[in-house]
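Okay, so the sequence shown: first residue is 1 according to UniProt numbering, each after it adds one.
The hints are simulated quantities; they were obtained by calculation from the structure and are not laboratory data.
A couple of the hints might just be wrong.
Quick list of simulated restraints, FRET-style, between CB atoms [stated by the list, open to error]:
{"#": "1", "residue 1": "L13", "residue 2": "K66", "range": "39 to 49 Å"}
{"#": "2", "residue 1": "L38", "residue 2": "A12", "range": "33 to 43 Å"}
{"#": "3", "residue 1": "A16", "residue 2": "A56", "range": "35 to 45 Å"}
{"#": "4", "residue 1": "H62", "residue 2": "K37", "range": "11 to 21 Å"}
{"#": "5", "residue 1": "L28", "residue 2": "S7", "range": "45 to 55 Å"}
{"#": "6", "residue 1": "L13", "residue 2": "A57", "range": "53 to 63 Å"}
Here are the simulated SDA-like cross-link-like pairs (lysine to any residue), alpha carbons at most 25 Å apart as the crow flies [as the list claims (entries may be wrong)]:
{"#": "7", "residue 1": "K37", "residue 2": "K66"}
{"#": "8", "residue 1": "K37", "residue 2": "H62"}
{"#": "9", "residue 1": "K37", "residue 2": "R59"}
{"#": "10", "residue 1": "K37", "residue 2": "V61"}
{"#": "11", "residue 1": "K37", "residue 2": "A16"}
{"#": "12", "residue 1": "K66", "residue 2": "D52"}
{"#": "13", "residue 1": "K37", "residue 2": "E22"}
Quick caveat: nothing in here was measured; it's all calculated off a predicted structure.
Backbone N, C-alpha and C fix where the C-beta goes; we use that ideal spot for every residue, glycine too.
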Amino acid sequence: MTPLLTSMSEAALAAALARVSEGVARELSELAERRSKLEGNSLLNLDTDAGDPLWAAVREVHASVKHPGRRVERAGGARVLRRSVA
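Generate coordinates for the entire structure from the input sequences, incorporating the hints supplied.
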């Protein structure tokens, strides 16, 4: 252990660890909240306007660009990426 850690009491170490843990938990919570907002606002979110044919076309184009060599098929209402047969 470093001299600083060896000179600290067990209670002081526990308090410092608790402060660090709270800070990390707060940061993780904020990051999760930001990610949730970004995913919720995504134009390409599969749950966004599921019945809108325009958005369905946008999602299909995005999938074909993101996954070249594959096409989107509808199987029982769900969109499934399949490898294209060339």
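Structure-based check of each hint:
1. Roughly 48 Å separates the CB atoms of L13 and K66, a value that falls within the hinted 39 to 49 Å.
2. Take L38 and A12: their Cβ atoms lie about 39 Å apart, and the range 33 to 43 Å holds.
3. At about 53 Å, the beta-carbon gap between A16 and A56 misses the expected band of 35 to 45 Å.
4. Taking 11 to 21 Å as the suggested C-beta distance range, the pair H62 and K37 conforms, at roughly 20 Å.
5. For the pair L28 and S7, the beta carbons lie near 31 Å from each other, so the given range of 45 to 55 Å is not met.
6. For the pair L13 and A57, the beta carbons lie near 58 Å from each other, so the given range of 53 to 63 Å is met.
7. Between K37 and K66, the direct Cα distance comes to roughly 22 Å. Compliance with the 25 Å bound is thereby established for this hinted pair.
8. The suggested pairing of K37 with H62 holds, with an alpha-carbon distance near 20 Å, which does not exceed 25 Å.
9. Pair hint K37 plus R59 holds up; C-alpha atoms about 19 Å apart against a cutoff of 25 Å.
10. Between K37 and V61 the CA atoms are separated by roughly 23 Å; this keeps the pair inside 25 Å, and the hint holds.
11. Pair hint K37 plus A16 does not hold up; C-alpha atoms about 32 Å apart against a cutoff of 25 Å.
12. Pair hint K66 plus D52 holds up; C-alpha atoms about 21 Å apart against a cutoff of 25 Å.
13. At most 25 Å may separate the alpha-carbon atoms for a hinted pair to count; K37 and E22 meet this at roughly 23 Å.
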